[in-house]
Amino acid sequence: MCDGEEEVLESYLSEQAPETKMSLSLLAGGVMSSGALALCWLTGSDPWGGASVSFHSLMAATLGAAACVPLLMLRAAMWTTEARLRFPVLEELQRWQAEQSSSIVRNLSAVQMAVLVCCDVLPTTVMTLPAAQGGLTASFQIYASHIRDWGVSVPEMGPPMAALGVTALLAAGARLFEHAITQEEHEVVATAMENADRYYRVMTNGVSGTAKDPDNAAKAFKAVASQWLQQRQQACTVLAALTAAEVTFLGLLWRMTGDMAAPLTAAMMMTSVEYAFVRKLTDAGMKHDR
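Counting from 1, position 181 in the sequence shown corresponds to residue 181 in this note's numbering; the numbering is continuous, with no gaps.
Worth double-checking, as some hints may not be accurate.
[Said to hold, decoys possible] Each computed EDC-like pair below joins lysine to aspartate or glutamate, with the alpha-carbon atoms no more than 16 Å apart:
| no. | residue 1 | residue 2 |
| --- | --- | --- |
| 1 | Lys222 | Glu246 |
| 2 | Lys280 | Asp149 |
| 3 | Lys222 | Glu187 |
| 4 | Lys280 | Glu156 |
| 5 | Lys219 | Glu194 |
| 6 | Lys219 | Asp197 |
| 7 | Lys222 | Glu194 |
These are computed hints drawn from the structure, not numbers from a lab.
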């Protein structure tokens with residue numbers, strides 16, 4: 001999807017009533033959940049990931065909530081002004097998050113925000129853990145059994161950990177693909193930098209000033225453009241690393257507890273924090289516009 005189409009979609013979502021946004025979220029969540037369930041059925045994985053209405057799942061959810069507290073504190077700290085000033089790459093990351101979520105979270109009540117979090121987290125967690133990791137683990141266990149037949153020792157946790165690593169790398173790669181600088185963007189910036197000298201000479205022709213003014217302006221523009229490219233690349237790298245770390249964390253929670261209630265609770269809490277800060281940023285922007 002190109003930038004123009006994304007802007008049209010974001011504008012469309014912003015103008016919709018909260019009830020319409022909820023319907024769209026439920027529809028999207030239902031479609032993704034159906035895909036995850038189908039993948040679980042094909043791989044023979046338990047779509048619930050060991051979760052059930054039981055005391056064990058309640059304890060697993062409690063453990064997941066407690067385990068993600070440090071991450072919640074870190075995420076909250078990343079949204080502070082001090083953090084953005086110290087690490088400029090955070091501003092680019094948060095701009096992406098705001099662009100993706102501001103149109104959907106705008107004008108939603110607390111209950112509607114909770115429904116949105118469920119529609120976002122539940123399908124992706126089922127897809128990432130029971131479907132993807134469960135299926136990969138089953139495949140790697142088959143390979144491991146063949147390797148053991150050759151007399152080579154394979155750790156019992158080898159296939160699950162390999163599946164977790166592959167899933168984390170795939171998730172990070174998807175983030176990189178989603179936010180990486182496109183060829184069109186790179187060509188536009190490169191062309192602008194190549195033509196900067198001529199542009200500023202033409203624009204300052206006949207304007208009072210020194211002979212070095214056009215050169216200084218062109219150098220300043222090139223420096224800003226280079227900094228933007230570098231910051232964009234750094235933001236992509238950081239986002240991919242954070243995504244891989246999050247998937248690894250949730251996967252380890254699932255493996256440790258054997259119950260998807262733990263990673264599901266942690267993922268919902270982390271997503272709620274992100275949406276809360278995006279909502280705060282969106283509301284602040286709306287007040288500024290007024």
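| task | Please work out if Lys222 and Glu246 have their alpha carbons no farther apart than 16 Å. | result | It is violated: about 36 Å lies between the C-alpha atoms, which goes past 16 Å.
| task | Take the C-alpha atoms of Lys280 and Asp149, compute the straight-line distance between them, and say whether it is at most 16 Å. | result | Outside the cut-off at roughly 58 Å; violated.
| For the pair supplied as a hint, Lys222 and Glu187, is the alpha-carbon distance within the 16 Å limit? | holds (14 Å)
| message | Just to be careful, I want the Cα atoms of Lys219 and Asp197 compared with a cutoff of 16 Å; is the pair within it? | response | holds (8 Å)
| request: Verify the proposed pairing of Lys219 with Glu194, using a straight-line Cα cut of 16 Å. | output: holds (11 Å)
| Pair hint Lys222 and Glu194, alpha-carbon separation not exceeding 16 Å | holds (9 Å)
| request: Measure nothing beyond the straight line between the CA atoms of Lys280 and Glu156; if it is 16 Å or shorter, mark the hint as holding. | output: Distance ~46 Å between Lys280 and Glu156 Cα, so the pair is violated.
Checked against the numbered hints above, the structure violates hints 1, 2 and 4; every other hint is satisfied.
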